[in-house]
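Position chains B and C with the ligands relative to chain A; hints supplied.
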Amino acid sequence: MTVDTRQNLTLRQWMTTEEVTNGRQAFVQKVYWGAVGFLQNPLALIGLAVIVVLLLVAAFAPLIATHDPLAQDLGAALQPPSAAHYFGTDELGRDIFSRIVFGSRITLYIVMLVSVIVGPIGMAVGMTAGYFGGWTDKVLMRVTDIFLSFPSLVLALAFAAALGPGLENAVIAIALTAWPPIARLARAETMTIRSSDFIAAATLQGAGSIRILRHYIFPLCLPSVIVRITLNMAGIILTAAGLGFLGLGAQPPAPEWGAMTSAGRRFMLDSWWVVTMPGSAILIVSLAFNLFGDGLRDFLDPRHGR
Amino acid sequence: MRRGLEAMMISNAGILRTRFGTGLSLVASILVTLFGLLALTFVIGRVMPVDPVLAIIGDEANQETYNRVYQQLGLDQPIYVQFFRYVSDMVQGNFGVAILTGKPVIDDIIRVFPATVELATLAIIFGAGVGIPLGVYAATKRDRLADHIIRFLTLIGYSTPVFWLGLIGLILFYAKLGWSGGTGRVEIYYTGIVQPITGFLLIDSAITGEWDVFWSAARNIWLPAVILGTSSMAYISRMTRSFMLEQLSQEYVITARIKGLSARQVVWRHAFLNIRVQLVTIVALAYGSLLEGAVLIETVFSWPGFGAYLTSNLMIGDMNAVMACVLLVGILFIGLNLLSDILYRVFDPRTRS
Amino acid sequence: MTDPILSVRNLNVTYLSSRATLNAVRNVSFDIGREKVAIVGESGSGKSTVGRAVVRLLTPSAKITADRMDFEGKNLLSLSERKMQDVRGRRISMILQDPKYSLNPVVTVGEQVTEAYRVHNKVPHKEAKERALAQLASVQIRDPAHVYDLYPHEVSGGMGQRIMIAMMLIPEPSLIIADEPTSALDVTVKLQVLAILDDLVRDRGIGLMFISHDLNLVQSFCDRVLIMYAGQVVEELRGDELGDAKHDYTKGLLASLPRIGDRRGRLSVLDRKDSWSMPVEKRP
Ligand SMILES: Nc1ncnc2c1ncn2[C@@H]1O[C@H](COP(=O)(O)OP(=O)(O)OP(=O)(O)O)[C@@H](O)[C@H]1O
Ligand SMILES: [Mg+2]
Numbered sequence: 000m001t002v003d004t005r006q007n008l009t010l011r012q013w014m015t016t017e018e019v020t021n022g023r024q025a026f027v028q029k030v031y032w033g034a035v036g037f038l039q040n041p042l043a044l045i046g047l048a049v050i051v052v053l054l055l056v057a058a059f060a061p062l063i064a065t066h067d068p069l070a071q072d073l074g075a076a077l078q079p080p081s082a083a084h085y086f087g088t089d090e091l092g093r094d095i096f097s098r099i100v101f102g103s104r105i106t107l108y109i110v111m112l113v114s115v116i117v118g119p120i121g122m123a124v125g126m127t128a129g130y131f132g133g134w135t136d137k138v139l140m141r142v143t144d145i146f147l148s149f150p151s152l153v154l155a156l157a158f159a160a161a162l163g164p165g166l167e168n169a170v171i172a173i174a175l176t177a178w179p180p181i182a183r184l185a186r187a188e189t190m191t192i193r194s195s196d197f198i199a200a201a202t203l204q205g206a207g208s209i210r211i212l213r214h215y216i217f218p219l220c221l222p223s224v225i226v227r228i229t230l231n232m233a234g235i236i237l238t239a240a241g242l243g244f245l246g247l248g249a250q251p252p253a254p255e256w257g258a259m260t261s262a263g264r265r266f267m268l269d270s271w272w273v274v275t276m277p278g279s280a281i282l283i284v285s286l287a288f289n290l291f292g293d294g295l296r297d298f299l300d301p302r303h304g305r
Numbered sequence: 000m001r002r003g004l005e006a007m008m009i010s011n012a013g014i015l016r017t018r019f020g021t022g023l024s025l026v027a028s029i030l031v032t033l034f035g036l037l038a039l040t041f042v043i044g045r046v047m048p049v050d051p052v053l054a055i056i057g058d059e060a061n062q063e064t065y066n067r068v069y070q071q072l073g074l075d076q077p078i079y080v081q082f083f084r085y086v087s088d089m090v091q092g093n094f095g096v097a098i099l100t101g102k103p104v105i106d107d108i109i110r111v112f113p114a115t116v117e118l119a120t121l122a123i124i125f126g127a128g129v130g131i132p133l134g135v136y137a138a139t140k141r142d143r144l145a146d147h148i149i150r151f152l153t154l155i156g157y158s159t160p161v162f163w164l165g166l167i168g169l170i171l172f173y174a175k176l177g178w179s180g181g182t183g184r185v186e187i188y189y190t191g192i193v194q195p196i197t198g199f200l201l202i203d204s205a206i207t208g209e210w211d212v213f214w215s216a217a218r219n220i221w222l223p224a225v226i227l228g229t230s231s232m233a234y235i236s237r238m239t240r241s242f243m244l245e246q247l248s249q250e251y252v253i254t255a256r257i258k259g260l261s262a263r264q265v266v267w268r269h270a271f272l273n274i275r276v277q278l279v280t281i282v283a284l285a286y287g288s289l290l291e292g293a294v295l296i297e298t299v300f301s302w303p304g305f306g307a308y309l310t311s312n313l314m315i316g317d318m319n320a321v322m323a324c325v326l327l328v329g330i331l332f333i334g335l336n337l338l339s340d341i342l343y344r345v346f347d348p349r350t351r352s
Numbered sequence: 000m001t002d003p004i005l006s007v008r009n010l011n012v013t014y015l016s017s018r019a020t021l022n023a024v025r026n027v028s029f030d031i032g033r034e035k036v037a038i039v040g041e042s043g044s045g046k047s048t049v050g051r052a053v054v055r056l057l058t059p060s061a062k063i064t065a066d067r068m069d070f071e072g073k074n075l076l077s078l079s080e081r082k083m084q085d086v087r088g089r090r091i092s093m094i095l096q097d098p099k100y101s102l103n104p105v106v107t108v109g110e111q112v113t114e115a116y117r118v119h120n121k122v123p124h125k126e127a128k129e130r131a132l133a134q135l136a137s138v139q140i141r142d143p144a145h146v147y148d149l150y151p152h153e154v155s156g157g158m159g160q161r162i163m164i165a166m167m168l169i170p171e172p173s174l175i176i177a178d179e180p181t182s183a184l185d186v187t188v189k190l191q192v193l194a195i196l197d198d199l200v201r202d203r204g205i206g207l208m209f210i211s212h213d214l215n216l217v218q219s220f221c222d223r224v225l226i227m228y229a230g231q232v233v234e235e236l237r238g239d240e241l242g243d244a245k246h247d248y249t250k251g252l253l254a255s256l257p258r259i260g261d262r263r264g265r266l267s268v269l270d271r272k273d274s275w276s277m278p279v280e281k282r283p
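Protein chains in written order, with numbering that gives the first Met the number 0: chain A, 0 to 305; chain B, 0 to 352; chain C, 0 to 283.
So that you can see chain A by itself, here it is in the shape it has in the complex:
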């Protein structure tokens, strides 16, 4: 990076000086102070660390797991946690630790897939509504409102029921309930961007609507949409676990954490670990996403807070 050498500032001074000389420096300073704030926020760092661990666990599941997650051993059913089975075994003698390790793949699969579906849908609806305004906006936002007028789990249940149980259908059901907030955000962003001068300039040069949306508005909307999706992930995890618990998500014998909790219910009074372990996994991961998302706020808006 080229630094303003006239004043012989070090990079650090350049990023922290009160005398800002240009817009780029202002932006870099904003990011710098945000990053400093983020690093000083231990909870957000813990959240990030847990997410990284989750990714690693999912990537190296076969190496980390001590047992085959699907291998039954009825002779060793409902064993308490021990050196052989870190988290004990379930009613079919399967190793709970290994199942949780492999379950992380399902959780990440759901989170990622939902995010990948929700982003484009939400942005398409929101940007169209925000850019064209008028009746287009009214109709699209009314539809969004109607989706929003259900608690997301209830709506996801209805979709899952209509589509039939299964992991893919659960993903679709959750995605169908998760796009409206993204659409609202994209609409708000688009409306601010639309009224700015450079859009007017592009229009004068004869750029069509599609071109403006694709080349000017889309890139500017993207960061905040990505952030919002990150913030939504904890909610997605909980909804997915709820669907799994009710038997509408991943089907047995897949080691989905919500379904594991549900299956353990019948034995929980004598064997506490069968529900405690998978439930804790859900809690820790969703907490991590929440902590991370919470810390992201300070990162994005350094003036907020201190």
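To be clear, the hints were calculated from the coordinates, so they are not data collected in a lab.
What you are looking at is a predicted structure, and each value in this text was computed from that prediction instead of being measured.
Check the hints yourself; a few may be wrong.
Stated by the list, open to error - DSBU-like, lysine-lysine: derived pairs with alpha carbons at most 30 angstroms apart:
{"id": "1", "chain 1": "C", "residue 1": "Lys-62", "chain 2": "A", "residue 2": "Lys-29"}
{"id": "2", "chain 1": "C", "residue 1": "Lys-250", "chain 2": "B", "residue 2": "Lys-140"}
{"id": "3", "chain 1": "C", "residue 1": "Lys-250", "chain 2": "C", "residue 2": "Lys-281"}
{"id": "4", "chain 1": "C", "residue 1": "Lys-99", "chain 2": "C", "residue 2": "Lys-245"}
{"id": "5", "chain 1": "B", "residue 1": "Lys-140", "chain 2": "C", "residue 2": "Lys-189"}
{"id": "6", "chain 1": "C", "residue 1": "Lys-121", "chain 2": "C", "residue 2": "Lys-73"}
Unchecked claim - Where chain A lies over chain B, by a calculated footprint (3+ residues, C-beta under 8 angstroms):
{"id": "7", "stretch": "165 to 179"}
{"id": "8", "stretch": "186 to 195"}
{"id": "9", "stretch": "279 to 290"}
{"id": "10", "stretch": "323 to 332"}
All residues carry an ideal CB built from backbone N, CA and C; glycine is no exception.
What follows is chains B and C with the ligands alone, placed relative to chain A:
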């Protein structure tokens, strides 16, 4: 603009931004939303399933039933005719017959609903009763240790899967400590003693003087209510903190301090009055999303309410009953939205003139 | 000068933040008797910080130190928070800039005035309300009974500021800090409010700290003027002797004021000198 988790909490919930207009536009706005709800449930219940008839009568019905329902739904008709029929059925409260009970769905819902309302109401009392003071306290201790601890705890409450918390609660308070009753609304041997009057067991048993039943019901309801209320407590306290911080930075707070009020008096006599409006909305919203938790908690606690009814119909794939439940939740949300709108006008003088 | 009510020596205020510490006020010393004392200076020079330091209502991140901050024989800095609450409102009160923000929007203005009385006087609500109505009348509000039940958004800016003054006067303090009380008002209303403040000092013999950045206004309105620059008092003058200012900053400010009948084509612009921010001498 509010950012981060609070912003997400608000915008993920539709209820907050739809401030209905007044008079005619209010009615129109509600009608349009209701119509939209019907269209959505129609699509989910009748268009999305591969075979809507099977989705309603289940796999085991005979050909005769199949043909009858096929005729009833008018599946040979164009889709807009089907939709028109659907709407007129729904408007007349004709939700069809539930396979599970063999009774009209509407009767079933009326029967199970009070159990959920009783549970959800206690849950929201707990959630708001603990969450609001906690949020106010955290705001006054901003960035100090107490604030960090409260924020972390509420975040845990917000991140915990409610069904799991229910199970852990049962293990701990029922099996280990014996502080709470088991599952269901009362102990088995007390069921059926009190005939429903209001449908709220605590009230009915008190009216009829069946105190044994009352105590059994109280022992059984506190745990699911507290657990159901936990996530709304977390939500309410976070939002309260955020609203309160906004108010505490206002000039009128300085004015009140200059008069000689203590920091605490300023919080409760001045700042708090200014967040009532927002709190009402938040609490109404939290009450609505308790229904979501109720679906899971009622399954865990075998609570014979609306959520358990919905899930048991889901299991057998009775789309008629499921869609009726979903529609009801939507209507309830609109109702809560409207209620918070009215309270908004009551509490904020600026909206009156 | 009459006996000082408030006597401040070497007041320092530092704002601490995670990034930097800011010495917002440095070694400020002054006395206020039963008179009108102005503090003028440009935006950010630390005027409001001085005013709020006296009543100890700065944000928790601000650290206040002073060799002396005596008010009616008490050292304000050593008072407990409880004792300080008795001083606030009853002995020292403060008028803020914009009544749009400084009044609580969801409480009727009358109740806010009544409350100011009841904080310090344990009397029945009815009696306090009568006092409040009388007080409203004394700041030239014509129909107090009607105004009493209005909400802040229903009154005009000038009326709001008079209500604010009524609220601050009702416990009969001996010192009033007015932080740009007229900046948000238009000219005619401004004069009314100034007249009310003027009467107060004369009739009730209270002290007034008048914070402003309007040099023209203070030289006719105030007895003495403190000029602040970059957190320090660079010069102290009598209101009617402002023309004899010695400090370059003050002279510069005066030169940049527009004057009627002045033939110069353009107003002069301040030519800032680093030396103005150098520490000034401490006062014993
Ligand atoms: N709460 C705060 N935290 C940190 N710095 C502050 C705070 N309040 C004021 N400051 C800083 O202290 C300095 C003095 O501020 P102050 O408000 O006293 O100025 P002022 O003379 O009243 O200005 P104005 O005419 O704009 O009201 C400014 O540089 C300001 O940025
Ligand atoms: Mg100021």
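Each hint, compared with the structure:
Between Lys-62/C and Lys-29/A the CA atoms are separated by roughly 27 angstroms; this keeps the pair inside 30 angstroms, and the hint holds. Under the criterion of a C-alpha separation no larger than 30 angstroms, the hint pairing Lys-250/C with Lys-140/B is inconsistent with the structure, at around 46 angstroms. The suggested pairing of Lys-250/C with Lys-281/C holds, with an alpha-carbon distance near 23 angstroms, which does not exceed 30 angstroms. For the hint pairing Lys-99/C with Lys-245/C, the CA-to-CA distance comes to about 39 angstroms; that exceeds 30 angstroms, so the pair is violated.
Distance hint between Lys-140/B and Lys-189/C is unfulfilled; the C-alpha atoms sit about 39 angstroms from each other, more than 30 angstroms. With a C-alpha separation of about 24 angstroms, the suggested pair Lys-121/C and Lys-73/C falls inside the 30 angstroms cut-off, and the hint holds. Counting residues of the stretch 165 to 179 of chain B whose beta carbon lies closer than 8 angstroms to any beta carbon of chain A gives 5, which reaches the threshold of three, so the coverage claim holds. For the stretch 186 to 195 of chain B, the stated coverage by chain A is not satisfied: 0 residues place a CB nearer than 8 angstroms to a CB of that chain, which falls below the threshold of 3.
Only when three residues or more bring their CB closer than 8 angstroms to a CB of chain A does the claim for the stretch 279 to 290 of chain B stand; here the count is 3, and the claim holds. Coverage of the stretch 323 to 332 of chain B by chain A holds. Counting CB-CB distances below 8 angstroms, 5 residues qualify, and the rule asks for three or more.
The structure shown violates the earlier hints numbered 2, 4, 5 and 8.
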